[in-house]
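Numbering of the sequence shown is given in the numbering used here, commencing with residue 369 and proceeding in unit increments.
Hint data in this document are derived by calculation from the structure and do not stem from the laboratory.
Be aware that one or more of the hints could be misleading.
Stated by the list, open to error - Derived DEER-like restraints, expressed as beta-carbon distance ranges:
| no. | residue 1 | residue 2 | range |
| --- | --- | --- | --- |
| 1 | Arg-469 | Pro-596 | 22 to 28 Å |
| 2 | Leu-495 | Asp-447 | 25 to 31 Å |
| 3 | Pro-557 | Gly-388 | 24 to 30 Å |
| 4 | Ala-486 | Gln-428 | 21 to 27 Å |
| 5 | Glu-547 | Gly-385 | 27 to 33 Å |
No experiment lies behind these values; they were computed from the predicted model shown.
Beta carbons are placed, not taken as given, at the ideal position from N, Cα and C, and that holds for glycine.
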Amino acid sequence: MELKLLNNRYALEQKVGEGGMARVYRGRDTRLNRTVAVKVLHPQYADDPGFLRRFQHEAQAAANLSNHAIVDIYDVGQDGDTHYIVMEYVDGRDLKSLINREAPLDIDRAVGIAEAVANGLEAAHRLGLIHRDIKPQNIMVSADDQVRITDFGIAKSHLSTALTETGVTFGTADYIAPEQAQGHPATPPSDIYALGVVLYEMLTGRLPFGGESPVGVAMQHVSAPPPPP
Numbered sequence: 369m370e371l372k373l374l375n376n377r378y379a380l381e382q383k384v385g386e387g388g389m390a391r392v393y394r395g396r397d398t399r400l401n402r403t404v405a406v407k408v409l410h411p412q413y414a415d416d417p418g419f420l421r422r423f424q425h426e427a428q429a430a431a432n433l434s435n436h437a438i439v440d441i442y443d444v445g446q447d448g449d450t451h452y453i454v455m456e457y458v459d460g461r462d463l464k465s466l467i468n469r470e471a472p473l474d475i476d477r478a479v480g481i482a483e484a485v486a487n488g489l490e491a492a493h494r495l496g497l498i499h500r501d502i503k504p505q506n507i508m509v510s511a512d513d514q515v516r517i518t519d520f521g522i523a524k525s526h527l528s529t530a531l532t533e534t535g536v537t538f539g540t541a542d543y544i545a546p547e548q549a550q551g552h553p554a555t556p557p558s559d560i561y562a563l564g565v566v567l568y569e570m571l572t573g574r575l576p577f578g579g580e581s582p583v584g585v586a587m588q589h590v591s592a593p594p595p596p597p
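Input sequences plus hints: build the corresponding full structure.
Spelled out as structure tokens, the structure:
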């Protein structure tokens with residue numbers, strides 16, 4: 369999309385990331401004069417009520433969380449056919465990039481990152497929220513190793529049953545809990561399992577399972593023991 373000013377307030381400055389559902393921009397809140405991250409829904413989903421419910425649910429889910437390890441949500445809005453969420457901007461890189469460049473990580477550093485993520489997940493679980501897609505790409509790490517969990521776009525309240533499930537893709541399948549791979553609902557332990565895979569990858573520099581298809585990788589989480597680190 370052409371960079372623009374959303375609702376005469378949020379200036380989009382540079383694209384910094386993109387997922388299957390949205391693009392993420394570094395932007396500026398011109399009213400408060402602060403740097404923000406703006407997640408903009410892909411145009412092809414703007415007319416899909418299901419995707420819009422899912423997109424809005426991210427803001428509602430994450431806005432209820434108050435924890436130093438979870439990205440803060442500032443605003444959600446619509447400008448014409450552009451739907452967006454405004455959130456805290458983390459000046460850093462995602463954990464996957466860090467792993468790719470520096471793994472295996474020092475044990476104390478890896479455990480510290482995992483502990484911060486676990487604390488954030490505990491806060492979410494207390495509110496009945498499950499992230500359901502914990503992976504290094506959804507964990508931001510600042511230059512001084514401050515950790516923020518992002519992308520609660522598929523977080524799901526225990527009380528919410530109307531949202532659709534996402535398909536299994538590489539990236540998600542690499543960290544998926546066995547019960548999710550078998551089509552069962554995610555639970556708080558599903559997030560902890562995924563975090564365990566992330567810790568494994570930080571310490572070894574590799575994933576426990578590999579394969580030619582996401583489904584094949586997911587099924588290994590069900591039936592195959594992980595190779596020793």
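These are the hints, each one checked on the structure:
1. Arg-469 x Pro-596: 22 to 28 Å: At roughly 24 Å between Cβ atoms, Pro-596 and Arg-469 fall inside 22 to 28 Å, so the hint holds.
2. Leu-495 x Asp-447: 25 to 31 Å: holds (29 Å)
3. Pro-557 x Gly-388: 24 to 30 Å: Once the Cβ atoms are compared, 25 Å apart, the range 24 to 30 Å for Gly-388 and Pro-557 holds.
4. Ala-486 x Gln-428: 21 to 27 Å: For Gln-428 against Ala-486, whose Cβ atoms are near 23 Å apart, the range 21 to 27 Å holds.
5. Glu-547 x Gly-385: 27 to 33 Å: holds (29 Å)
The structure shown violates none of the earlier numbered hints.
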